[in-house]
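Undergrad: Here are the chains, one letter per residue:
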Amino acid sequence: MIGLITSLDDAPVVEAFVEECGSQLVVLDSLEAGNITELTAVYAATPAMVELAETLQHKLGLRASGAGSVQQRTQRFNQQCALGPVSIPQATLIASETGLAEFVRAQSLPVVVRPVAIGDADKAVLLRHDSEVGSAYRDLANISGEVFAAPWMSGERYSVDLVTFAGRPLVADMRKLRIDEIKGQLLLRHRVSVHDGDPIAESLAAIAFRAVEAIGIVSGAAHVDVVVNADRIYVEEIVCAPRPFHLGVDAAFTAYSHSFHHLLVEALVRSDDFDRRFVRKPRRNRETLACAPLRVFSARDAVSFAGLRFVRRLPGFHSFVRAQSAGKPLSFGSIVGTVSFVSTDAASIMNSLTVLHEMEETDVLFDENAEIVG
Amino acid sequence: MVGAGPSGIAALRALVDSSSVQTITLVDPIEPGFGNAFGERCAADPHLMCNSVAGVTWIDAHRDEDFISYLVDRGWPVLWEDHMPRYLFGQYCRQRYKEACADAAEAGIQVHYVRGWVESVRRSGDGYLLTLRDRMEPLTASDVLLCTGLDVPQVPPLLKSHADHHRLIHGSYPASKLRKLPSNSKVLVIGLRSSGQDAMLALSHSGHTVVMTSPSGRLSAVRSKIRQALGRHLDANALSTLNPEDADFEEKIARIVSDAVTSAGDGLPVLEQVSLQSDQLARLRDEVALAEEGKARWADLIFDTVNALNELVSPWPEEIRRRVLPKGYNVLTRYINSLPLLYGQRLLNSINSGLVSVSSYYPECVSPDDLGWNVKWADGREERFDYILAATGFHFPRFPVDENRAIRIAHAGDIRPNERLPEITLNLRLRLSDDSEPERIWLVGAATNARNLFAHVAWVSAQQSRSIAAEIDIAAEAVV
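As you go down the protein sequences, you meet chains A and B in turn. With my numbering, letter number 115 in the first sequence gets 215, and the count goes up by one each step, no holes. With my numbering, letter number 131 in the second sequence gets 183, and the count goes up by one each step, no holes.
Any given hint could turn out to be false.
Result set (PhoX-like, lysine-lysine): computed pairs, CA atoms no more than 20 Å apart in a straight line [what the hints assert, rightly or not]:
no.	chain 1	residue 1	chain 2	residue 2
1	B	LYS379	B	LYS304
2	B	LYS379	A	LYS283
3	A	LYS283	A	LYS223
4	B	LYS232	A	LYS283
5	B	LYS277	B	LYS232
6	B	LYS238	B	LYS428
Cβ-to-Cβ under 8 Å is the rule here; a few derived chain A residues that face chain B [stated by the list, open to error]:
no.	residue
7	VAL369
8	ASP373
9	ALA447
10	VAL455
11	MET459
12	GLY474
Calculated from the structure, these hints are not laboratory results. Using N, Cα and C, we set each Cβ at its ideal position, and we do this for glycine too.
Using the sequences provided together with the hints, build the complete structure.
TA: See below:
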């Protein structure tokens, strides 16, 4: 019996596990849940559950991740320390508002502040002046008053999505990210696939492999966030469980003929099949895949989603996976769902993404009275 | 082909359909199809609409209503008279680019795309060398099509000495840059035409306060929906016989247009279709009301007027064009570049909300400091603004020649002292001097603006492209 630990019923990886394991799967949401003695493996379905999954594995005497402490996989500061030369310089833990203000003053770059522990729906706040510190600190500090702070490194941002089995990592996906600062918050706008032949792909894979080794991931998921600028490459964060984006996995199948989630499940429950993939690696050349979380940016709560008809007519549109039920009021920054695009025409996809973001920002998506045809 | 925006794709389509071309290379810093005006920079905001109705928007002169056909293919409910979001036109051109490439491959024509900027074109043997920015190796071509469009915003003379000031915003695009201004900014928008309207929309949507002005102080007219009524009202034959040297030329042209407007209105007199109010706000209100009532029927003449005027004016010698055209140009552009009703209503609503006003005066002088601008109006008032936005449109392309006969890809605001502008022949070729043959260099779209009126309009490019492709065919056959 496989135990899958999740606090989110609709975490996208659950579906992939259910498809593969069926009655052999038990979904847990706490240490006490389920018939623990029958479990043969325990996995975290979301980042917030990594610590609990590892605790259960240890308690049951199951194979846990390898060397390196759980803290390196769940706590931002410990992780940065373990990453050594590819870590973000000056990253630190701060335990007071005054300390954070001093840190912001001392940096020549903007400072990004995040929660100490890697969670499911992490906020990231960008600070440029010590006057902005108060609300960010109050919003993000944990019960012992700590926040994680680091300089915001400029550069291109990528996510390398790895599936590791028996200490061998495999690149399942690689995306270029657009992250915008909107009202002080850092928000992911979209992720666009990086093809195998892209000149950056090899160095991104190499640094991601080193990073998962450094924090001791032997088995399971790892999203390695990388910043590339003119000087060097940094690893900004490694998330050691499937991210809870509401991804359309079928869009990934259309684009690549595999999905990160299905490769992960394959590695964990059908390892013989997964082993074959090290001989003929999964490819990302046929089409360009882009996913964009749709967000509410209007000043008022959004209820209608009338503008989805415009989104569905954008070139390359593949699918929309809803994250919130229709009619539920949504506030600033909320994610309504994820739009996926697949096309051989990368330029059209980039155009569609730009128009999509304009639709989000100008409220066309959420205003049932919006008129764009005259 | 230098430039691969809509006019470039119109030319590509025509060349692929012609028989003589073997290899086509498109050079543009932007991926082919979208261009600057209809790509991510200028057109991504879905509120920005095409100024032409869908029914007269196409880049293939052999396929009327081609844009509508594309929209229907993509599931849009669309009528001939609809104004569609501008980004859709860019996407349409991209789609037609891909189709033209596929057709070219089938016909054995090679199409290459080079991402880059062509800086100059120079004759070399039987063909031309094209020098690209940041690239050592020039491109070679037997024939060159210059299809460059509008991408450098104009700076009004009032602001030229402050062009580098950090609180001067150059151009209205992308709209997202205007939304990112600090909350509740007060912005002086200089320019009342399309760019100014777009800026007003983005700024007022974001809650900023906007004062709009221009040297002429005239807003564009507001029009009713254009009906499918081509070629019915304007007496193009009468127009084509007019002689610009005739003493009664202006009176005659006014009579032809007046008759056409009355005919378009099914007998409704001109004065009941337009407003002559001198106050701009009162005039805007009048014109929105007329358009809402469907009385601004002069709108049905726009397509025919552009075509007929180009037929009339293009053959005129440059000296006559320079002397005669300015007399009617302001009135003409006010109606040809008129606002679709939805735009007019948005402008009026913004004015009524108090966020937008249109100044009756133009600034006498402006002086910036670190936090904004002091503006002295012509009536003596002084007013403070956080930003000034230069929204006076784009420079049109120009192709100046230096003493070494190198043709530079430039624009009207960038002519150097050692350069002169070559003639654009009637068939849109460049001729470098009076005693030389026209070059095998053709101009398409906005690039022909020094010769053709409203040259940036898509259907004009489409018509030009077919003529040019036919001419290249004939020239190639002659060589054979």
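Undergrad: Does each hint fit the structure? Answer for all of them.
TA: How the hints compare with the structure:
1. Distance hint between LYS379/B and LYS304/B is fulfilled; the C-alpha atoms sit about 14 Å from each other, no more than 20 Å.
2. Distance check on the hinted pair: LYS379/B and LYS283/A sit about 50 Å apart at the alpha-carbon level, beyond 20 Å; violated.
3. At roughly 13 Å between alpha-carbon atoms, LYS283/A and LYS223/A fall within 20 Å of each other, so this suggested pair holds.
4. Of the pairs offered as hints, the one joining LYS232/B and LYS283/A holds, with about 10 Å between alpha carbons and a cut-off of 20 Å not exceeded.
5. Restraint check for LYS277/B and LYS232/B: the C-alpha separation of about 34 Å exceeds 20 Å, so the hint is violated.
6. Restraint check: the Cα-Cα separation between LYS238/B and LYS428/B comes to about 15 Å, which is no more than 20 Å; the hinted pair holds.
7. Here the hint on VAL369/A is broken, as its CB sits about 40 Å from the closest CB of chain B, past 8 Å.
8. With a cut of 8 Å, the hint placing ASP373/A at the interface with chain B is violated, because the nearest CB-to-CB distance is about 37 Å.
9. Because the smallest distance between the Cβ of ALA447/A and any Cβ of chain B comes to about 4 Å, under 8 Å, the interface hint for this residue holds.
10. With its C-beta approaching chain B no nearer than about 5 Å, VAL455/A sits inside the 8 Å limit, and its interface hint holds.
11. Against a cut-off of 8 Å between C-beta atoms, the interface hint on MET459/A holds, since the closest Cβ of chain B lies about 5 Å away.
12. For GLY474/A, the shortest C-beta to C-beta distance to chain B is roughly 3 Å, which falls under 8 Å, so the interface hint holds.
Checked against the numbered hints above, the structure violates hints 2, 5, 7, 8; every other hint is satisfied.
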